[in-house]
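We have chain P already, so just place chain H on it with the hints.
So the protein lines, in turn, are chains P and H. Note that the first sequence covers residues 0 to 583 in numbering that gives the first Met the number 0. Note that the second sequence covers residues 0 to 384 in numbering that gives the first Met the number 0.
No lab work stands behind these hints, which were simulated from the structure alone. A hint or two may mislead.
Stated by the list, open to error - Subject to a maximum C-alpha distance of 25 Å in a straight line, what follows is the list of computed DSS-like cross-link-like pairs (lysine-lysine): (1) H:LYS232 x P:LYS93; (2) P:LYS6 x H:LYS172; (3) H:LYS232 x P:LYS576; (4) P:LYS92 x H:LYS232; (5) P:LYS578 x H:LYS37; (6) H:LYS38 x P:LYS3; (7) P:LYS575 x H:LYS232; (8) H:LYS38 x P:LYS6; (9) H:LYS72 x P:LYS2.
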Amino acid sequence: MLKKLNKYILTHFPLLWNTKFIPAVAIALLLNLFMLLLGVLNFSGYVELQLYTLYMNEQTLVLLSIIVSLLFFIIWLSRYARNNAFTNFYPLKKGYLVKEFLLVLAIVLLNMCYYFSFKLGYFISANAALSTKEVINFENETNLAMMFLPHVNSSYEKSSKCKLEELNSMSESNVEELSKRQFFYNDNGAVDTSLTNFILQYEDSIRKVFKLPKKAKVFINGSNFFPNRRYGDNHDIAIVETAAEAAIDDSGIKNQQLPKQIYNEEYSYYYYCQQYFNYDNIENGMVNTRDSNIYSRQKINALGAQILLKKDSLALKKLLTNFKRSLDKYNIIHYFDEQAAIKLAFRDSIWNYSREEFIGAFNEYISDAPSGDYKKNNTGYYINFSGLNNFYNNIWKLKLKFWNYLGGVLMLLGLLYFGVSIAFSILIYRLTGLRAFLVAVIYAGIISLVIALFLFLTKMVDPLNLSWSLLFFDGFIIVLGLLAVYKKFIKQWAKVLLNLAAVAAVLFWILLYGIILALSESSEVFYNDRGVENAFSIQNYSNINLLLAQNDTIFFFILLFLYFCTVWFFYIPLAKKLKGNPEE
Amino acid sequence: MHPKIIEIRDFIKGKDYSLALRRITDVTIDTEDLSLFKKCLALHDLYEKEHKQDLYTNFAIESNNLLNDVAKKLPFHKTDAQVIISFSKLGKTYSKGGFAINNIDGTLHEGEIIGLVGENGNGKTTLLRMLGGSLLPSIGNISYHFTKAVKHSYQLNSDVVFVPQRIPSWQGKLYDNLLFTNSFYGRNGETNVLWAEMMLALLGLRPFRDMNWSQISSGYKTRFEIARVLLQKPRMLLLDEPLANLDIFAQQTILQDLKYRSQSITAPFGIFLSSQQLYEVEKVSDAVIFLKDGVPKYQKLSDNEALVQVQSVFEIEGNIAKIALDNALEILNPTSIKYNGGVFVVVFDKTIGMNELLSVLAKSSLQILSIRDISRSSRRFFESL
Numbered sequence: 000m001l002k003k004l005n006k007y008i009l010t011h012f013p014l015l016w017n018t019k020f021i022p023a024v025a026i027a028l029l030l031n032l033f034m035l036l037l038g039v040l041n042f043s044g045y046v047e048l049q050l051y052t053l054y055m056n057e058q059t060l061v062l063l064s065i066i067v068s069l070l071f072f073i074i075w076l077s078r079y080a081r082n083n084a085f086t087n088f089y090p091l092k093k094g095y096l097v098k099e100f101l102l103v104l105a106i107v108l109l110n111m112c113y114y115f116s117f118k119l120g121y122f123i124s125a126n127a128a129l130s131t132k133e134v135i136n137f138e139n140e141t142n143l144a145m146m147f148l149p150h151v152n153s154s155y156e157k158s159s160k161c162k163l164e165e166l167n168s169m170s171e172s173n174v175e176e177l178s179k180r181q182f183f184y185n186d187n188g189a190v191d192t193s194l195t196n197f198i199l200q201y202e203d204s205i206r207k208v209f210k211l212p213k214k215a216k217v218f219i220n221g222s223n224f225f226p227n228r229r230y231g232d233n234h235d236i237a238i239v240e241t242a243a244e245a246a247i248d249d250s251g252i253k254n255q256q257l258p259k260q261i262y263n264e265e266y267s268y269y270y271y272c273q274q275y276f277n278y279d280n281i282e283n284g285m286v287n288t289r290d291s292n293i294y295s296r297q298k299i300n301a302l303g304a305q306i307l308l309k310k311d312s313l314a315l316k317k318l319l320t321n322f323k324r325s326l327d328k329y330n331i332i333h334y335f336d337e338q339a340a341i342k343l344a345f346r347d348s349i350w351n352y353s354r355e356e357f358i359g360a361f362n363e364y365i366s367d368a369p370s371g372d373y374k375k376n377n378t379g380y381y382i383n384f385s386g387l388n389n390f391y392n393n394i395w396k397l398k399l400k401f402w403n404y405l406g407g408v409l410m411l412l413g414l415l416y417f418g419v420s421i422a423f424s425i426l427i428y429r430l431t432g433l434r435a436f437l438v439a440v441i442y443a444g445i446i447s448l449v450i451a452l453f454l455f456l457t458k459m460v461d462p463l464n465l466s467w468s469l470l471f472f473d474g475f476i477i478v479l480g481l482l483a484v485y486k487k488f489i490k491q492w493a494k495v496l497l498n499l500a501a502v503a504a505v506l507f508w509i510l511l512y513g514i515i516l517a518l519s520e521s522s523e524v525f526y527n528d529r530g531v532e533n534a535f536s537i538q539n540y541s542n543i544n545l546l547l548a549q550n551d552t553i554f555f556f557i558l559l560f561l562y563f564c565t566v567w568f569f570y571i572p573l574a575k576k577l578k579g580n581p582e583e
Numbered sequence: 000m001h002p003k004i005i006e007i008r009d010f011i012k013g014k015d016y017s018l019a020l021r022r023i024t025d026v027t028i029d030t031e032d033l034s035l036f037k038k039c040l041a042l043h044d045l046y047e048k049e050h051k052q053d054l055y056t057n058f059a060i061e062s063n064n065l066l067n068d069v070a071k072k073l074p075f076h077k078t079d080a081q082v083i084i085s086f087s088k089l090g091k092t093y094s095k096g097g098f099a100i101n102n103i104d105g106t107l108h109e110g111e112i113i114g115l116v117g118e119n120g121n122g123k124t125t126l127l128r129m130l131g132g133s134l135l136p137s138i139g140n141i142s143y144h145f146t147k148a149v150k151h152s153y154q155l156n157s158d159v160v161f162v163p164q165r166i167p168s169w170q171g172k173l174y175d176n177l178l179f180t181n182s183f184y185g186r187n188g189e190t191n192v193l194w195a196e197m198m199l200a201l202l203g204l205r206p207f208r209d210m211n212w213s214q215i216s217s218g219y220k221t222r223f224e225i226a227r228v229l230l231q232k233p234r235m236l237l238l239d240e241p242l243a244n245l246d247i248f249a250q251q252t253i254l255q256d257l258k259y260r261s262q263s264i265t266a267p268f269g270i271f272l273s274s275q276q277l278y279e280v281e282k283v284s285d286a287v288i289f290l291k292d293g294v295p296k297y298q299k300l301s302d303n304e305a306l307v308q309v310q311s312v313f314e315i316e317g318n319i320a321k322i323a324l325d326n327a328l329e330i331l332n333p334t335s336i337k338y339n340g341g342v343f344v345v346v347f348d349k350t351i352g353m354n355e356l357l358s359v360l361a362k363s364s365l366q367i368l369s370i371r372d373i374s375r376s377s378r379r380f381f382e383s384l
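Chain P on its own, in the form it takes in the complex (with noise of 0.2 Å):
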């Protein structure tokens, strides 16, 4: 059977056979599908998300993983290398070498998946882990109840409090000055947070210049740019409009006026106006789509104050209890009484603790738990607070930002362009023998060393500076390449020499983009040790700096596009070309 189907595809898709593009294929699918399975079972479950970051043998996996892909390489090749219509000069017709190189190109594109299926069977079995309106529940509950399970004493300040008064008292002229407003990053790089703030607080206002119903939510839409997003990354307002009602079983404590008395002392429940997880904080720059079936914490501060002000135990025992239960369910350790909790809530709307008192009952908390052993300290509770925080980071960035968590578009284009260039320099090692591609192996090498060397010797260690160097060797050695072909070298040596371009060009786009980027990027690149500023300058927020930060995604094809023409149109004619020439 196997013997039949291999001379069909051989008698009728001979390059499909030469390739040995199905089982090569079929392979690599099997190896991806046992990479993803692997990561699957990888995920442990509810503690695992906890940890900081999600997967801890990162090193491991990518060890494995360019293991097996090498092993497959070598495989391949191997078999691949049995029959070279270059070798004995068969006649190629029109569409031969691309049919050619598209087959050689997915097969190396499937090879090198292995780390991203395994990352995304884990992905995957983390994010079922959690259905999303279980999420939700879990951080309204989380948010609600930490109004009474106080931690960062700030948060219960007078000066806290949600000033909804002043926000329902706004005249709409002045919030249509604020929606001209742009929204920056600071001189040190860091989101003007005042300017955050300004949003988020008077989403409200923003949602009536817009004209936007009232479950309409207003988010910061970002983007990320290659090699970091420190500089230059502008923001925009955007809309979405809202879901459904949040799930939290908020009876009884639903429709209640706030309390029109403003107490005079310094901490109170009353003042509580936070969330405790503000999904702005989750990872700099990433997006605030929190749904809106979340609590604002505007309605937090009213379900809380109707809370104290009708002294709903029963809502808030409900409340305290399902929390509980949800830190159980998850495994994130804690030890509370929600009967003392309760009471300390009704003891006293207004807090009678001290400012000193509270932090140093929480910091000796802290500072006396050993691992395993959580005491009862002065407030009575102890959540894992770190873990918790992770745990919601976590899962919100497996529900919201999947695919950028995984690498997104850069990580894609990325592998292209990795996989284009392995693929190119396979089709360009048919094109002039093992023997070439194996002395180029040796002597890249080699320059490798050298270049190492003179790093070393040079003491060279600024990115910019050694960009320029390995862009320089990197020209060298494409020049030589063509100069070999052209002025016709030793045929052998000009087959080497040909090889080490054609990978020499992988380098060549790459680092003229990153150098003007680093350029236009980073002011600390203007200056040199002695603080003397280069020739080369692009100002923050110029033309030219936002045009290169903003486009990322867009150079990067430009990129892969200009190193495929170089190769195609360049490289792969001069390989032929070598190939028939006589030798000297």
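Leaving out everything else, chain H in the frame of chain P:
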């Protein structure tokens, strides 16, 4: 009827079935008709079956039937053999070692074989590589008379096939390699399989089709390589020492079959053949270029009129002493008698022929094993006569 068909019928009449089958296979290939290919392969099966019993009753009948079919399909047109390549004043000088070959001229037509002979290291392979376009000559001109060929290009290397002395190993199944080659010449599916089968049949390789390179002898490796290059329909074939690995019987059959194939009605080609097997080469070559220290000597073999014989040269082998041979041949007044590697090379005036020599030797009591007239053979170039 085409002369080739008449010739094959004679082979069948003469009961030389093995040769008849090879020639039938060759002419069937010329028809490029797949239904005839199938019949021809069935004939091979029949031959193998009847060969075991040494009864060829059905084979003779089926052969004639197939020949009738082939004759209908075979284009009967005799055109003048086209020039494939011509070269003049060709030379190559190596800077290292100082070796050079100079002033080589020649013209190869379709269906012709030119033999290259000479001792080791005298430039045979260098000349072949220059003609094949893989080595740039230092001086001289080469003109390829193909319709599409461009000088020193991938295309040229597709039309001119060079088979080196040390054939690079084939990887994987031998049969698969032939099918793979076929696929580049527009032969897909059943067409591909039948062409490969025909070439295997032509070169007697059918029993080895499922083997790997390491499982066959050197001689069969050469045959498989020839099968592969024949599938490429070359315009010119450059064979570097192809006979080195073949047994004495195979040397002749392969060369004769190649000669026959090169005279194909539909796809004729020319052959340059370098070898140390001088007599075998001369049997099939139309001309021989002898190279010594890079200097050529030419021997045209196909045209007797053109040959100007200046002296008679004979090789005599036997269990004899030189003095006895000197005495025996004194009457014929030889120019020289030299002993060289087990044989005596005797040179006479051109008026002395084989009959005169045999007459004298018959009367002597010398124990002669063999006598060969090498007056028109390039063998004489090897001696300092």
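Cross-check of the supplied hints:
no.: 1; hint: H:LYS232 x P:LYS93; result: holds (20 Å)
no.: 2; hint: P:LYS6 x H:LYS172; result: holds (11 Å)
no.: 3; hint: H:LYS232 x P:LYS576; result: holds (23 Å)
no.: 4; hint: P:LYS92 x H:LYS232; result: holds (16 Å)
no.: 5; hint: P:LYS578 x H:LYS37; result: violated (38 Å)
no.: 6; hint: H:LYS38 x P:LYS3; result: holds (23 Å)
no.: 7; hint: P:LYS575 x H:LYS232; result: holds (22 Å)
no.: 8; hint: H:LYS38 x P:LYS6; result: holds (22 Å)
no.: 9; hint: H:LYS72 x P:LYS2; result: violated (34 Å)
Checked against the numbered hints given earlier, the structure breaks hints 5 and 9 and satisfies all the rest.
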